[in-house]
Amino acid sequence: MHQRFHYQNLAELEAEIAKQNLPIVLERDLSSLKRQTEIYHLKTPNSIGIHPMEGCDGTLDGKPDDLTIRRYERFAAGGAGLIWFEATAVDFAGRANPRQLFAAPENTAALAALLEKSQQKASSVLGPNHQFVPVLQLTHSGRYSKPEGKPRPIIAQHNPFLDPKVGIDSSYPTITDDELERLEDKYVAAAKIAAEAGFPIIDIKSCHRYLISELLGSHIRPGRYGGSFENRTRFLMNIIGKIQAELGNKIAITLRLNAWDGLPYPYGWGVNPATEGSEPGSLPLDLNEPKQLIAQLYQKGIRFVSISIANPYYNPHFNRPYDSPANGLVPPDEHPLFGVSRIFSLTRELKNSCPEMKIMGTGYSWLRQFAVYAAAANLQMGHQDIAGFGREAFAYPDFVKDVLEKGTMDPNKACIACSKCTDIMRDGGRTGCVIRDGGVYMPIYQEGVRNRQVK
1 MHQRFHYQNL
11 AELEAEIAKQ
21 NLPIVLERDL
31 SSLKRQTEIY
41 HLKTPNSIGI
51 HPMEGCDGTL
61 DGKPDDLTIR
71 RYERFAAGGA
81 GLIWFEATAV
91 DFAGRANPRQ
101 LFAAPENTAA
111 LAALLEKSQQ
121 KASSVLGPNH
131 QFVPVLQLTH
141 SGRYSKPEGK
151 PRPIIAQHNP
161 FLDPKVGIDS
171 SYPTITDDEL
181 ERLEDKYVAA
191 AKIAAEAGFP
201 IIDIKSCHRY
211 LISELLGSHI
221 RPGRYGGSFE
231 NRTRFLMNII
241 GKIQAELGNK
251 IAITLRLNAW
261 DGLPYPYGWG
271 VNPATEGSEP
281 GSLPLDLNEP
291 KQLIAQLYQK
301 GIRFVSISIA
311 NPYYNPHFNR
321 PYDSPANGLV
331 PPDEHPLFGV
341 SRIFSLTREL
351 KNSCPEMKIM
361 GTGYSWLRQF
371 AVYAAAANLQ
381 MGHQDIAGFG
391 REAFAYPDFV
401 KDVLEKGTMD
411 PNKACIACSK
421 CTDIMRDGGR
431 TGCVIRDGGV
441 YMPIYQEGVR
451 NRQVK
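Take the sequence shown: its letters are residues 1 to 455, numbered as in UniProt numbering.
Calculated directly from the structure, the hints in this document are not laboratory data. Among the hints, a few may not be true.
Claimed, not checked - Straight-line distance between alpha carbons at most 30 Å, and here's what the computed DSBU-like set of lysine-lysine pairs gives:
no., residue 1, residue 2
1, 117, 43
2, 34, 401
3, 34, 250
4, 250, 300
5, 43, 358
6, 300, 358
7, 291, 250
8, 43, 250
9, 121, 43
10, 406, 34
11, 150, 165
12, 242, 43
13, 401, 43
14, 406, 43
15, 406, 121
16, 150, 186
17, 63, 43
18, 43, 192
19, 300, 242
20, 117, 186
21, 63, 242
22, 63, 186
23, 34, 358
24, 117, 146
25, 63, 250
26, 117, 406
27, 146, 165
28, 291, 43
29, 186, 250
30, 413, 117
31, 401, 117
32, 34, 121
33, 121, 250
This structure is a prediction, so every number in the text was calculated from the model and none was measured.
Start from the sequences and build out the full structure, keeping to the hints where you can.
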């Protein structure tokens, strides 16, 4: 049964974890958060990272705008050891919103300035020895593409669970093999832009049912990019191979990878074929293919992967356990701790399958001020190498600094998992924390609510 967060101390939270019989560990010794971690040729100043939290606040031509720069300067000053810069489109048609960052040649200087300003802010606040590791996420939004504000889905395979969500029927065309092959080269062009802008690592986004994530689960797609495991991973592996051939050691590659989609076979990734015809939800997991892909990535020289699950547009409680759902949704019949535990467990299993691969985890924000104790435990036990935080960074960008200097998080600054940052995005606004950064984002949120009511 769903419950809101109401725990006043660690003992109360640990009692709830025990009551629910979940394998979540809380470690009071936070020293593991302070350790440095090697990511390729770079070394993080600590083991806490910030996920690519998209602000939908760039310019209409895809450059970082004032709020984008403000957000990353706040992240940088907050002390994180790794900052994963948000989804940056490789193709105009694949932008998720009209203000999504866009890796176009004319935007190279602006992306470089965003990185430089963030690095300067970190050095000015934390000292010259604090050098966070930056990653730039490259993406194509696939079925969630809205480059000019209205849905313009680009789908790899029809899906009876997801198609109605974007208003398409069985006659809607899927992206062709030839179009996919041409799109591979746009990822290469975007990787060159990222390298020119000074980013040492790029992420080929492969999660949350955007285009690459959908291809991984396209079991019934015909042609070169669907059906067999080799075909479903072809697009991703071709992109990696082409970037490596073109750029060599000028840039390293990582990816955010779904371990599980929460959709039945033949529409999901990380699920057992025996689930065909089942309803989504409590589906048997089958991590054989995700494990196989991680092993294949390691063979290709990939040494760092971020693990996520599910689909924020369809089953958000799986990858973002919350107190209050986004507008139009209802709370699931599941305690949020089950969501937290699921993410931790899947990440641990993938890490155990390839111990040499550095793994960044997620699933912490619902735990509020106690999240860092779970992060410390996962790091200490070797289940993850970097503990990644998303919504928490929107609400409380300097939480890392507080934890490392004071040994605690301020509960009055922590994310309350209210989903209002998601509501702003769905309403077409520039997003951030409505509760903790209300001077900037409350008016934007209220405007979205008014527009919803008018409609």
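message: Please list, smallest to largest, the hint numbers that this structure does not respect.
response: Structure breaks no hint.
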